[in-house]
Amino acid sequence: MLEAFLKFDPRLQSVLISGCTTIIVLFLTWVWKLFYDRHSIKQKLRLEYTFEQQKSIKEEISKSKTPLLQATENLNYRLWNLLSHRNEDWLYRTPEEWNKPPHHYIRSFAYKWISLIYWILKAEKSVGGYDATLSTEEDLLYLKYVKAIKFCLCDRLLIQSLGYVSTDTTNHFYIDDLSRFSDFIHSDSDVVAFHKFEEKIKNDIKPVAKVFQFLSQTRNESNNKSMNMLWALHLIIISFLNDFGHEFQRTDSKKILKLVKEDYSDFAISTEFKRFLERHRLVDNMKLITKNLA
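Under the working numbering, think of the first position of the sequence shown as 3, with each following residue one higher.
Keep in mind the hints are simulated off the structure, nothing from the lab. None of these values were measured; they are calculated from a predicted model. We treat Cβ as the ideally placed atom computed from N, Cα and C, and that holds for glycine. Take the hints with a grain of salt, since some may be wrong.
Straight line, CA to CA, 30 Å or less: simulated DSSO-like cross-link-like pairs of lysine-lysine [said to hold, decoys possible]:
id, residue 1, residue 2
1, Lys102, Lys260
2, Lys256, Lys202
3, Lys57, Lys44
4, Lys46, Lys204
5, Lys67, Lys44
6, Lys293, Lys198
7, Lys102, Lys57
8, Lys60, Lys260
9, Lys204, Lys44
10, Lys114, Lys149
11, Lys67, Lys146
12, Lys102, Lys257
13, Lys60, Lys102
14, Lys257, Lys289
15, Lys198, Lys149
16, Lys202, Lys65
17, Lys146, Lys293
18, Lys202, Lys67
19, Lys102, Lys127
Ranges of calculated distance between the beta carbons of each label pair, as one might list FRET restraints [claimed, not checked]:
id, residue 1, residue 2, range
20, Glu99, Glu264, 45 to 55 Å
21, Tyr79, Glu264, 31 to 41 Å
22, Gly131, Leu164, 34 to 44 Å
23, Lys260, Gln72, 19 to 29 Å
24, Ile177, Arg283, 10 to 20 Å
25, Glu99, Arg182, 14 to 24 Å
26, Thr273, Glu223, 15 to 25 Å
27, Asn89, Ser191, 17 to 27 Å
28, Asn89, Ser110, 12 to 22 Å
29, Asp178, Val285, 34 to 44 Å
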C-alpha cells in the first residue's frame with residue numbers, strides 16, 4: 003500500500019496527507035469535545051445540585067435560628083444563675099412540690115430547657131430532606147452544635163464513670179422522650195408562654211414529669227449525675243452562642259476560663275465530655291474549653 007502511495011504524484015501525496023491529517027484532527031477534536039461536554043455537563047449538574055442544597059439548608063436554618071438562639075440564651079442565663087446558687091439546691095424538690103407556687107425555679111428551668119429542645123428538633127427536622135454533607139462549613143458547624151445539644155442529656159456514656167446503671171432511667175433522657183416534651187410545649191409554630199405551661203402541668207404533668215425528675219436530682223455534689231450533665235450542656239451552649247450568637251449573647255474568654263478552671267473545677271466527667279465532643283466533631287471548635295478542663 004505504501005509502494006502504491008509513493009507512485010502518486012508528489013502534489014497528490016501532499017493533498018492526501020493533508021486531508022488525512024485534517025480528518026484525524028477533526029476526529030480527535032470531536033472525541034475530546036464529546037468527552038469534555040459530558041464531563042462539563044456532569045460537573046455543572048453537580049455544582050448546581052450542591053448550590054441548591056446549600057441554599058435550601060441555609061434558608062431552612064434561618065427560619066428557626068433567631069428563636070433557637072433566644073432559647074439557648076435563656077437557658078444559658080439560667081445555668082449561670084444555677085451556678086451562682088449551687089449551694090442552695092433550688093432544684094431539689096419532691097414531686098408534691100413541683101406545682102406549688104414557691105417553687106417557680108424548677109418549673110421555669112424545665113420550661114427553658116424544653117423550649118430549647120423544641121427549637122433544636124425543629125431546626126434538625128427542617129433540614130432533614132436535604133444532604134447536610136453538602137452544607138457550607140458554617141452551616142455544618144451549626145448543625146453539629148444542634149445535634150450535640152440534642153444528645154447531651156441523652157448520652158449515657160457521659161455518666162458511666164459516675165456509677166450509671168441501665169436500670170436508672172431518671173438521670174438522663176432517651177431520644178424518643180424529646181419529641182414528647184416538644185409536643186407538650188408547642189403551640190402552632192411556636193412554644194406556649196410560660197404561664198400556659200404552668201397551667202398545662204397543673205392539669206397533667208405526666209408528659210414532662212421525667213424532666214422534673216431529672217432536675218430534682220440535681221445536687222451540689224461533684225459526682226451528681228444531673229449536675230454534671232447540666233454542666234456539660236452549659237459548656238456546649240456557651241460555645242454555640244460564641245460561634246453563632248449576637249455579640250450580647252457571647253461570653254468573653256476570661257469568663258470562660260474562670261468557669262472551666264474554677265467554677266467547674268470539680269467537673270467529674272471531663273474525660274467523657276471530651277469523648278462526647280469527639281463523637282460530635284466539635285473538639286477543634288471548643289479548644290478553649292477542652293484544653294483547660296482538668
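Checklist entry - Going back to the hint list, which numbers does this structure go against? => result Violated: hints 1, 2, 4, 5, 6, 7, 8, 9, 12, 13, 19, 20, 21, 27, 29.
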